[in-house]
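S.K.: Listed here are the chains, written in short residue letters.
Protein chains: 2
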Amino acid sequence: MAREQLRSALIAGSTIVGLSIGLGGIAAADEYVQYRDFFEPLPAMPPIPAVNSMTEARVELGRMLFFEPRISASGVISCATCHNPALGYTDRIPRAVGHDGQVGERNTPTVLNSGFFEAQFWDGRAATLEEQALGPIEAEVEMAMPLEAALERITEFAIYVEKFHAAFPGDDDPVHADNVALSLAAFQRTLNTPNSPLDLWLVGDDGAMSESQKRGMVAFVERGCLGCHAGPALTDSQFHVIQTPGSTDLGRFLVTGEEHDRHAFKTPTLRNVALTYPYFNNGEVASLDEAIVVMGQEMLGIELEGQELEDLVAFMHALTGAIPQFPVPPLP
Amino acid sequence: MAREQLRSALIAGSTIVGLSIGLGGIAAADEYVQYRDFFEPLPAMPPIPAVNSMTEARVELGRMLFFEPRISASGVISCATCHNPALGYTDRIPRAVGHDGQVGERNTPTVLNSGFFEAQFWDGRAATLEEQALGPIEAEVEMAMPLEAALERITEFAIYVEKFHAAFPGDDDPVHADNVALSLAAFQRTLNTPNSPLDLWLVGDDGAMSESQKRGMVAFVERGCLGCHAGPALTDSQFHVIQTPGSTDLGRFLVTGEEHDRHAFKTPTLRNVALTYPYFNNGEVASLDEAIVVMGQEMLGIELEGQELEDLVAFMHALTGAIPQFPVPPLP
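If you read the protein sequences in the order shown, they are chains D and A.
Going by my numbering, the first residue of the first sequence is number 746, and it counts up by one from there.
Going by my numbering, the first residue of the second sequence is number 746, and it counts up by one from there.
Hints may contain errors.
Pulled a few chain D residues facing chain A out of the computed Cβ check, cut under 10 Å [what the hints assert, rightly or not]:
1. Pro814
2. Ala818
3. Val821
4. Ala825
5. Cys827
6. Pro830
7. Gln847
8. Asp1006
9. Arg1007
10. Gly1051
11. Leu1054
12. Ile1068
13. Pro1072
14. Val1073
15. Pro1075
16. Leu1076
Where chain D lies over chain A, by a calculated footprint (3+ residues, C-beta under 8 Å) [stated by the list, open to error]:
17. 864 to 873
18. 1037 to 1046
19. 1055 to 1066
FRET-style restraints, in silico, Cβ to Cβ [as the list claims (entries may be wrong)]:
20. D:Thr935 x A:Pro939: 28 to 34 Å
21. D:Ile793 x A:Glu876: 49 to 55 Å
22. D:Ile793 x A:Val796: 24 to 30 Å
23. D:Ile793 x A:Gln1052: 49 to 55 Å
24. D:Asp950 x A:Thr900: 35 to 41 Å
In short, the hints are calculated from the structure, not lab data.
Bear in mind that the values here come from a model prediction, so they are computed numbers and not experimental data.
We treat Cβ as the ideally placed atom computed from N, Cα and C, and that holds for glycine.
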């Protein structure tokens, strides 16, 4: 509860007694110890919903489907095209490129640690990974494949049919869309990035973060970034109105029709943020320091600059964890 | 030399004394031993040209470039899009889909074991992997990226510039097209698939191939398939006129203008042929058995059917080796 109180105090803009950012000075490690209370090391696994037992068979099937391009209309676009494992499970271009080279409206969010999000997509139109999974297969500007056609294609491969039976043993006719979604979600819950410098520091490795990263962490807390970027994935999974450079996107308003959701977007995770450039809903901001400046102006009404800005950038780099490493699965 | 004589005899259509296909019968392993002379186990590495030392740094850089989508005009197509590691380093669709969803004229050849080929592309317009590497980056229907623009994009990343210096230590200004080609070629020479059932059998593991596969091997030799599909990669890297179903492609004629090259195509490797469907220059044939029937008719003037056809299909499966397994490299 002490943590919650501290966080509320921060959000309300109060100052915490006894803390100073200590710009330019060299602080001893113990100066920062109390900041451990503001953060959580990434758990080994996100919450596993009761409706989707995370069995090995289900994860394996989901991994195959994630890399499967033949469930797209062109036959060459898979989930991994935009959520590219080489690129932090995103595409590192401003807006997603999909079927026939069409360019979407939004920047591809990473799926790393997405099991920790309580809302999916920039506008939260899906609450869970299960609800999210099928959208991009059918979307005209992404994989452009009607689900029925995708299922027919899958059914052509005896190995897939076997794998569906293994993953859903209680289901007599398991090759259907719901099970595609369950498998993809189960696989995505394995894409977590523990052991970032912050995580290591939180569990007692004082040298895991540099002095600059620690000062950045203090600024992150003191300036109120933690008001939205909190919890294990450093997102509240809530929606906040923000005018990002060059954006006319109505955001969550398009989902709810509520005035207060006009130009509101889900708080993105900050885990691996150094890998998931470019930034914001439209990918118009290329660099971390520019993104931090925009956040200061738009969300906090402050100018972040100089050493503090440098330290914040350094702290963002402390959020890069261990990316899952595995060979691309062979497909039938 | 005995092997060469046997092969020449076969190509000339003579019958080898004392061999019989033995359809339907069960042959003892030693019946097949003499067939070992017709094949070569895949060497651990293909020939390494003197112009391209295969250093670890060069292979590592080539691996990164192979998976790098940002050297395409759209930013999402890499070598690995069509030469997909999940799909036997091909795309398993009839004809390649590239920039803006354009469909090319030909089926994507696998790059597995391509270091063993003495000609590249279906029409052999490149002799080496080094000559081949840059074509698809620039091709309008593939990655559609002028080389200068690709190099500019690479130069934006300090890590790439470092890696080029490490891979080409004698080169003061190493980020240029020739070095992209050298790196990609060096990496591709690592994509070999040893230890197929045939390879294991060739080095003395009698049980590595089934009886049907061994009978298929005999048919493969006796019927003359070995006339073109010979050597470590089971291709002569030569060009042969063939009318494949539905094809109007002039093939090598487009490169040489020679009449005898009209509708001639390079003999494709048969290694991993079970993984590299669909078949032929235009990918119009979906299954191995259908492809074998076409080959019998077109190249040998015979009808392959029944048990012999089944055995030949089984033998093709004996050519699937160990696919290289490695995580997708993280890119900057």
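S.K.: Now tell me, hint by hint, if it's right for this structure.
M.R.: Comparing the hints with the structure gives:
no.: 1; hint: Pro814; verdict: holds, 7 Å
no.: 2; hint: Ala818; verdict: holds, 9 Å
no.: 3; hint: Val821; verdict: holds, 5 Å
no.: 4; hint: Ala825; verdict: holds, 8 Å
no.: 5; hint: Cys827; verdict: holds, 7 Å
no.: 6; hint: Pro830; verdict: holds, 5 Å
no.: 7; hint: Gln847; verdict: holds, 8 Å
no.: 8; hint: Asp1006; verdict: violated, 30 Å
no.: 9; hint: Arg1007; verdict: violated, 30 Å
no.: 10; hint: Gly1051; verdict: violated, 23 Å
no.: 11; hint: Leu1054; verdict: violated, 20 Å
no.: 12; hint: Ile1068; verdict: holds, 6 Å
no.: 13; hint: Pro1072; verdict: holds, 4 Å
no.: 14; hint: Val1073; verdict: holds, 4 Å
no.: 15; hint: Pro1075; verdict: holds, 6 Å
no.: 16; hint: Leu1076; verdict: holds, 5 Å
no.: 17; hint: 864 to 873; verdict: violated (count 0)
no.: 18; hint: 1037 to 1046; verdict: violated (count 0)
no.: 19; hint: 1055 to 1066; verdict: violated (count 0)
no.: 20; hint: D:Thr935 x A:Pro939: 28 to 34 Å; verdict: holds, 30 Å
no.: 21; hint: D:Ile793 x A:Glu876: 49 to 55 Å; verdict: holds, 52 Å
no.: 22; hint: D:Ile793 x A:Val796: 24 to 30 Å; verdict: violated, 54 Å
no.: 23; hint: D:Ile793 x A:Gln1052: 49 to 55 Å; verdict: holds, 51 Å
no.: 24; hint: D:Asp950 x A:Thr900: 35 to 41 Å; verdict: holds, 36 Å
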